[in-house]
Amino acid sequence: MPSSKQYYIRLRRVLRKYPFLYQYKGKGKFLRSGSYLYPKYLVLAARLGGLGPFPWKGIKVPGRHPAQPEPSPMEEIEEKVDDMLLTIQQELETSITELMEVARYNIFPALREIVEQSARA
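Here this note's numbering is used: position 120 in the sequence shown is 624, and no number is missing along the way.
You may find that some hints are simply not true.
Quick list of the computed label-pair ranges, beta carbon to beta carbon [unchecked claim]:
| id | residue 1 | residue 2 | range |
| --- | --- | --- | --- |
| 1 | 523 | 554 | 32 to 42 Å |
| 2 | 597 | 577 | 28 to 38 Å |
| 3 | 606 | 522 | 55 to 65 Å |
| 4 | 581 | 621 | 49 to 59 Å |
| 5 | 581 | 622 | 39 to 49 Å |
Keep in mind that the hints were calculated from the coordinates and are not lab data.
Beta carbons are placed, not taken as given, at the ideal position from N, Cα and C, and that holds for glycine.
Whole structure, please, built from the sequences with the hints as guidance.
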């Protein structure tokens with residue numbers, strides 16, 4: 505893990521590369537990273553630069569442990585939708601397999617009749 509100074513230098517390089525991140529600098533603009541709050545523009549820069557966790561501590565946030573994050577409502581909805589899509593996909597695959605079996609038994613006799621009728625004519 506880089507030292508605090510090296511991390512800060514890398515963070516500044518990312519901020520020079522992505523200057524639009526400075527719009528998130530200011531009073532009241534913080535993001536959670538682990539169980540601490542850090543300035544939002546620094547958290548976004550660290551994520552964009554793939555720098556990993558901060559080597560210094562931010563503002564301690566009381567509440568849940570970072571290893572057990574509370575799922576957001578959107579994440580819960582996405583999980584439900586994914587489950588529903590998987591169920592629908594499995595049902596469709598089963599239905600298609602059943603239809604293919606039915607079609608196999610129904611098509612061959614029909615084809616046999618057509619061939620016999622054309623042979624008679």
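To see whether the hints hold, each was checked on the structure:
no. : hint                  : result
1   : 523 x 554: 32 to 42 Å : violated (18 Å)
2   : 597 x 577: 28 to 38 Å : holds (31 Å)
3   : 606 x 522: 55 to 65 Å : holds (58 Å)
4   : 581 x 621: 49 to 59 Å : holds (57 Å)
5   : 581 x 622: 39 to 49 Å : violated (58 Å)
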